[in-house]
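Enquirer: Sequence:
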Amino acid sequence: MTTDPNLKVQVDHEAKTIGVRQSAIGTYLSCKRQFQYEYVLGLGKWYPEGSQRPWNTADTGTLFHEMIGAHYLGLDPMHAARMYLDGQGFTPDDQVAAKAVRLSKVMFEGHLEDLTNDGADFGEITTAVEVPLSATFDVNGWDITVHGKIDRVVETPDGLIIDDWKSVAKLVGTRDYLQQLGRYAVLYRQTHGVLVDRVRTTQVMRNLRQGKAPFYHRPWSPMNEAAYASHFDNLMAVLDDLRVDITERGIMYESYDNTCSWKCRVNDICQALQQGDEVEVIIENFYQEKGTQA
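The numbering of the sequence shown is the numbering used here, which starts it at 1 and goes up by one.
Treat the hints loosely; a few may be bogus.
[To be verified] The calculated DMTMM-like cross-link candidates involving lysine to aspartate or glutamate, where the alpha carbons are at most 20 Å apart (straight line), are:
#: 1; residue 1: 16; residue 2: 151
#: 2; residue 1: 32; residue 2: 280
#: 3; residue 1: 45; residue 2: 76
#: 4; residue 1: 166; residue 2: 151
Keep in mind the hints are simulated off the structure, nothing from the lab. Computed from a predicted structure; not experimentally measured.
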């Protein structure tokens, strides 16, 4: 059994503790059934021993993250990309991965050019990249520890910023990511004792820079004591709902819509439930606990 809270929610009924990653909370809010299968039961797709899992859209986003993170750390972005590919087992002859590398390189180089032309990074100092966070909250007698990671912390003359990189198909406003950013602000303050002044996303279009600019967007939202209190209260309420669903109710229901097939890693399980198929057979043949793959 895995003990990594990044792969599976850790629950100790005797000690009344729960460990959960921040992104799993996002999954919980969007679809409880996906959260149950992916993070409570900890199921991941099974691939035959010696085979390579297929490249997916999340890999493209992670590859871009590795490259832009290396840039802000003053390191070689392409070396960071190769390290990720090697670590995931992708080889140069994997055509899908090679195509994604080309896409990420165009996104990265084009984004740096846009930032230079716009002067968007002027006056900003990167103080940290890939910052791990961990904070424990008392939620109705349970100690719930939330783990997270911030892409970039930025110091400016106007204050401290949490900056989260997103590779996207469509540029959107602040509201689409505000709950996630608010949780980051809460975790950062709980971990470091500092209230950041702003939270923002840096959204970069996931394409070969075809069509009409802009190809990136930096919507932001201010943080003050009132905003922090709102996000803190929201997180406490969500954690209490999550606690009850995990430790008391046990079963969680789906939010089934037209984004499921490409967004959800356990979509075929949920579809089988909808159609009355033998879910246990699908799980036995196509899934195993995350962290145990060969």
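Enquirer: Are the Cα atoms of residue 32 and residue 280 separated by 20 Å or less?
Expert: With a Cα-Cα distance of about 19 Å, the restraint between residue 32 and residue 280 holds, given a limit of 20 Å.
Enquirer: Would you mind confirming whether the straight-line C-alpha gap from residue 16 to residue 151 stays at or under 20 Å?
Expert: violated (31 Å)
Enquirer: Quickly compare the C-alpha distance for residue 166 and residue 151 to 20 Å and report which way the hint goes.
Expert: holds (10 Å)
Enquirer: What's the verdict on residue 45 and residue 76, does the C-alpha distance respect the 20 Å limit or exceed it?
Expert: violated (32 Å)
Of the hints listed earlier, those the structure fails to meet are numbers 1, 3, in rising order.
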